[in-house]
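2 protein chains.
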Amino acid sequence: MSRFMRKEYDSIVPYTPGEQLNDKKYIKLNTNESPFPASPKVLETINEKLISNLRLYSDPKLKKIKEAIAEFYGVSANQIFVGNGSDDVIAFAFMAFGGLGGEFCCPDITYSFYPVFADLFKVNLEQIPLKSDFSVDVNDYVNKGKNIIIANPNAPTGLALTHDEIELIVKTNPDNVVIIDEAYVDFAPGVSAVDLVNRYENLMVTQTFSKSRSLAGLRVGFSVSSKALTDDLEKLKYSFNPYNVNTLSVEAAAAAILDRKYYEDTISQTIEIREFTKSELIKRGFTVTDSKSNFVFAKSDKIPSSELYEELRNRGILIRYFNSPRINEYFRMSMGTMEQMKTVIEVIDEIIKERE
Amino acid sequence: MSRFMRKEYDSIVPYTPGEQLNDKKYIKLNTNESPFPASPKVLETINEKLISNLRLYSDPKLKKIKEAIAEFYGVSANQIFVGNGSDDVIAFAFMAFGGLGGEFCCPDITYSFYPVFADLFKVNLEQIPLKSDFSVDVNDYVNKGKNIIIANPNAPTGLALTHDEIELIVKTNPDNVVIIDEAYVDFAPGVSAVDLVNRYENLMVTQTFSKSRSLAGLRVGFSVSSKALTDDLEKLKYSFNPYNVNTLSVEAAAAAILDRKYYEDTISQTIEIREFTKSELIKRGFTVTDSKSNFVFAKSDKIPSSELYEELRNRGILIRYFNSPRINEYFRMSMGTMEQMKTVIEVIDEIIKERE
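Taken in order, these protein sequences are the chains called A and B. For the first sequence, the positions run 1 to 356 when our numbering is used. For the second sequence, the positions run 1 to 356 when our numbering is used.
It is worth saying that the hints were derived from the structure and are not from the lab. Just so it is clear, CB atoms sit at the ideal spot from N, CA and C, and this is done for glycine as well. Honestly, I wouldn't trust all of these hints.
[Stated by the list, open to error] What the simulated footprint calls covered on chain A by chain B, stretch by stretch (three residues with Cβ under 8 Å from a Cβ of chain B suffice, anywhere in the stretch; the number is not a length):
1) 24-37
2) 98-104
3) 218-229
4) 242-248
My request is simple: use the sequences and hints to build the entire structure.
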């Protein structure tokens, strides 16, 4: 930090994005991107006419994308807040509901950005330990009396709470905001709490176009909630960056979400690939969580995950290894295409064989 | 605000973007957009290959666009911070250098977002009155002992401080950050302070692709400063939204800034159109500031600006009227094409004639 920076930021440890290596061609399974391209409708939408209109400001109200999302979920457009990625949405939520001394809680093992947001906005964050099997103990959150953020399915474990469990948490914390970060929920049919937003004014569900819509590079995330909570985030947005989502992102994301068939096809393929990968790993003696997301979380007693990460990387396969307490025995591997995952399993077999 | 929102945001009055009306086709001169499309290189860049790569995350380091900007200005890439529009950059700067009780000052008549940023991040902002001719009194800022932000050229007046005046302010405030918001500086040859960033570690210059690069809808802004100040903003970015500029914006903006000839051509045309418009208004008895930007700031004693705004709007021409103390006699009109401005002058003649 320079001598000009406010000292209150001294202690913040920024978020570390996954590696984006370009030194050679990798099978890239480290940042939970989709192996499929975005809907063909995206390519149709980003055309010459749209590009030549870029001289004009984007629509700060984000009408087109809000209406498309609202149609998809059967809610009103004024219940949708759209951000420059869901990190943007969650950042505003921490600021709005926890800023300068408010209270949030979340699991101790989860998306590692939550504690960073808390530090940045001076939010008191309680990190509640997961059970030893990495599941969330719902009882820890019932009648909690603090704002709550839970990734469901959770990362990097992939485990999901049920719809009923989420509802219990929301219902028993009526005076606090409950944020359910559903970045991976499309890979977990029946789990989403979106249908509850009209029943509980304290519920905010966040989702992203980065995973199930194959648009990580476009930066679009959103929340669905009561109009009141949406308006809170809008107030902060108009005080920070009113034109937060650009024209190309708005148009492309709207096209993507309206292509329901393509979305359903790629989701079901991803689930099939995930279940295949889990079963292949289990056959080989790996411990594998029951991931409901687009990644698996696993470990083997034949090779430490830190070494498997290195060996795979040397062979052109990138996975994610977290050198953090409680999860440093595990690795996280995003789902590639079926062909890629078959290759990965073969390579893992080779690596383990070499060590015997 | 909902009952869940932190009370500290009660008093904030968010920024009001200019109108984006779609009820009919307007000559749109209200938000300082360029009348020219972006460089043809932008269209070439946003191609099928780039779009099909959107499944991958954008580069959080923003290497390509930082290197392009650095090359243009003859500085190092690590002196460039890139944001989702220059509002994003300035927001981070207010937060970094003024957050939670720090001190900033700026002119009382300037970009109306500065006081909003100050409110949001709990910065004490002193608003220093412009002189009666709307110019900045440099002496107000010499040895000020507070962080300073000055739009140069200023908005909505269009008036610019000289390069020497800016240097005097920067030099006499060595223990505070001086931010020069150069959103309009490309229309004011010789005014930019970018060449001073290697001499003064406390200087940060911000610019945007929204005006002179005809890319308002793409949302790309940046700062040029010492590496130390850049690093401060990077720390906040990685604690807020690491993937803040998407892949399409990075690639398109890099293509645009490297097309120097197109940029120089459209700038010189805009300056010619501005000088034409100023002289036509002066011929008709308007009071017109010596704007160095891509808009004019003027008033007529034949018609109040609030009424001129309404009359023009009824005839399909949008300009900006600010109902604020000291400037409520004036209007601001962005530069369209030469043909559009000739039409506007004719329409103004009609409006005034009808009232005689």
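Cross-check of the supplied hints:
Beta-carbon proximity to chain B at under 8 Å applies to 7 residues in the segment 24-37 of chain A; the threshold of 3 is reached and the given coverage holds. With 4 residues bearing a CB less than 8 Å from a CB of chain B, the segment 98-104 of chain A meets the requirement of three and the coverage assertion stands. Taking a C-beta to C-beta cut-off of 8 Å, the segment 218-229 of chain A contributes 5 residues in contact with chain B, enough for the three needed, and the coverage statement holds. Under a criterion of three residues with beta carbons nearer than 8 Å to beta carbons of chain B, the stated coverage of the segment 242-248 of chain A is upheld, 7 such residues being counted.
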